[in-house]
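S.K.: Residue strings, one per chain:
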Amino acid sequence: MLFRQAGIFHTDYAADRAMFPIPLDRWMVGVLLALGLAAPWVFSSLALTSYVMPWLIWAAAALGLNLILGWAGQFHFGYAAIMGIGAYTAVHGVRAGIPWEIAVVLGGLMATVVGIVFAFAALRVKGLYLALSTLALQFVMDWVISHVPAISGGVSATLQAPTLRLLGQQVTSEAGLYYVALGWCLFVTVFMLNLRRTALGRALVAVREKDFAAAVIGVQSFYYKLVAFATSSFIGGVSGAILVFTFYHAVTPEQFSVNVSIELLAMVIVGGLASIIGSYFGAAFILLLPGQINQLVAWTAKLMGADIGVETLAHIPQMVYGALIIGVLLVEPMGLGKLYANVRNYLLVWPFGYARK
Amino acid sequence: MDLTYLLELSVNGALAGLMYSLVAMGIVLIYKSSSVPNLAQGSLVMLGAYIVLAFSNGLGAPMWMAIPLAMAFMFFAGMGIERLALRRLAGRPIVMILMMTLGLDIFLRAGAMTIWGGSGRPMRIGISDDPLFLGPLLLNRAYVVGAAVTLVLFAVFVLFFRTRRGVVLRAISDDYMASWSVGISVERGVALSWALASVVATTAGVLWGSIQSVDQSLSTLLLKGITVGVLGGLDSLGGAILAGILLGVLESVASGYLDKLLGGGSRDLVVAAVLILTIMIRPHGLFGRHDIERI
Amino acid sequence: MTATPTQVPDEAGDEVLTLNNVEVIYDRIALAIKGVSVQVPRGGMIALLGANGAGKSTMLKAVSGLLAAERGLVTRGEVCFMGEDIGGLAPQRRVKMGIVQVLEGRRVFEHLTPDENLVAASAIHGSRHDMARNRDMVYTYFPRLRERRAAAAGYLSGGEQQMLAIGRALMTQPKLLMLDEPSLGLAPFLVAEIFDIVRRINREEGLSVLLVEQNAVAALEVVSHGYLMDNGRIVMHDSAEAMKKNPDIQQFYLGGAEGRNFHDIKHYSRRKRWLS
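Chains as they are written, first to last, in the numbering used here: chain X, 1 to 357; chain L, 1 to 295; chain G, 1 to 276.
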């Protein structure tokens, strides 16, 4: 009904390859983009800095993880460590006097280097064993970050992040920080949207489906696995750096511990493997929903006059988070992105549902 | 003197390692029957310990009664988890199954914290704190008991897998389709393996709970359990026993010497390193089937 | 020419297995077989022939209930065993009723010994006495297995594994034995030996047998009737003798089919259209 495909004629190759051939999709993207740009005026200061901005950055990170997990099909249970490497490198870089932009890119590059270490595990094993070895690498990275004083500044130390200076201008206002986050998120999204249409993206999918079958048709799975790990690590490293500069303003090892890796994984899987809009859904779902539900529980308890202990209340979001993962996997293992696609596919041919097959 | 220290570290390490094997045995039982790597085994250990406490402290049952009751409870809880959460995902990509067990882990851990709070509770099963002397060596009595229980359970499982029902479970782990074709109820077999793994987890929870105390850190035994499981081969019970001893000795000795150099916390590092090295060098572990690394 | 059956066993009620106009769809999309009707007489031995992908295995799985494991579904028609509709039953129930399928490619429990393979297949609540008796029967028919009863089944030769797979199926005390390509990858003399044993079991134990084969020559030697399947449809049903003489069968199965298939032969295509 809404997503009408009738009347869309591709008269040249450019139109045929358009990113959003359906007008409503274009409209929706436009509205979302406008909303994103107008966010500092639309949302309250609290909502902007504690919900919208972190959501965008986590969505960018989830997209980076989705690149390796959803597109290339390689497990990565240590993505938080990669983000941490990027964050620490960038912070140290800026503290050493390197311009902010270059320091952030350096953070990304350092994350890429470490990410390639993870990639070597992927060249040796697959599936469960890759998952476990990357998980173990996360533990090793955690240990290294917190135990090497040159990186973390000592066990359980907090490293203050310097002020963000973009092109020499100090960015300290909420809106300014938000736009930095938005810019990075948009950049990653556009990159991922285009990845689907490139030879690289297709090669990654081929490697995911069957790496030796891909090798037989001339796709070097070895090379593409490396590229996938490197690219995704770069995205992760920069996301980690931006997260620290715009949101945390200080960096500690716990911000990038193994639990965060699992949280990111949950975002990708709950959102949907190889789904871009799914990564946004997943990030929102995992990041924001448990807190909201907790507030709901506290509010209901107050209303009912029941007395829930502070400690109990503190653990409910975590429980909700676990339950959300289980629930989404039971309802639709392909995630929220797939649910969205189902609705869209349904509307695409509505009311002629039988036309689908 | 140094040699005695080394020997003491190794023997106590081996005993503790056997108790890691107990965690690993649960993982192996489930992996053997359904190829599901259960990352929630650590939480099951924790849950088992809490349930024992719930029966003993909450309902006032004596320990000798609370433990079997908790085992029975966990038997059905394990079955329920398989039925409600895992069965729907059969045949799905492994990443979703891993995520499901991780979700279960998070849910159980947070659930336990919500219900029982975060502070540790003691588990008294009547093992005295006095050390045991073996010549010049100082042994931890609780570890000795734990190791003995592990070996007994291992023997029980070895015998169980020779019975008719045990043979059926092994058949299921070999080939689902062929099992169905001759009328074996695969679903029931997998549920049984979850139930048994939960019972083993309860045992581990009691033993570890009596050593440290019952709190959510029991669930972090997962890392050691999975490392032992992988090192021994995820489908080999005997491998889990041997790998447990190996990892225990290695961890105890290495951290005994490394902690001074690196300033503490090197235990987890040793475990993680063993896990990585095992996977890089011999992914199917010491006794695992070779074919499991091909996908 | 011989498209019309010469002697179809039409006596109602004497069939162990009746498939009536069965249609199977995989994954809710892929149509695998359509309008298949097959009958296996009590105590009879019937062959189902056809090329790769004709739908033979699908049909067997529709009977044994293993379709669900491969996301397949019987969407139309009925499968009756001893006059009872078994459409919705789980595979275990069907095995209990007396239907057993020997899977294609043998699929023995590789890490179990032949002895344990047989134990695994016997009903878990059945008596030990029954189990021992069935096992002795299997070892009588397949003496080779007795010699190797303690080795891991994965190390048996292909022929021995096939024997074990059949023996394992016999442990369930079936009334209908369905064999999916037992000749796959075996030397001709072994195929002959195994088929002979199956024939003997069929006669001595009164077991009905449905034999699915690509090796039409060997299969037609031991069965009384045959069905021919192509592209998900039954396109021929006749006595074994008549099928052997049929020029088309000769052309496609007994050598000399070069680059043609059954679609090219008009009367088959037409026949299947008005049958289904």
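For the record, the hints were derived by calculation from the structure and aren't laboratory data.
Treat each hint with caution, since some may be false.
According to the in silico footprint, chain L covers these stretches of chain G (three or more CB under 8 Å from chain L) [stated by the list, open to error]:
hint, region
1, 31 to 37
2, 61 to 69
3, 76 to 83
4, 114 to 124
Distance ranges between label pairs, derived from CB positions [to be verified]:
hint, chain 1, residue 1, chain 2, residue 2, range
5, G, 76, X, 37, 34 to 44 Å
6, G, 68, L, 139, 49 to 59 Å
7, X, 299, L, 59, 31 to 41 Å
Note that the Cβ used here is the ideal one computed from N, Cα and C, for glycine as well.
S.K.: Can you list which hints this structure breaks, lowest number first?
M.R.: 1, 3, 5
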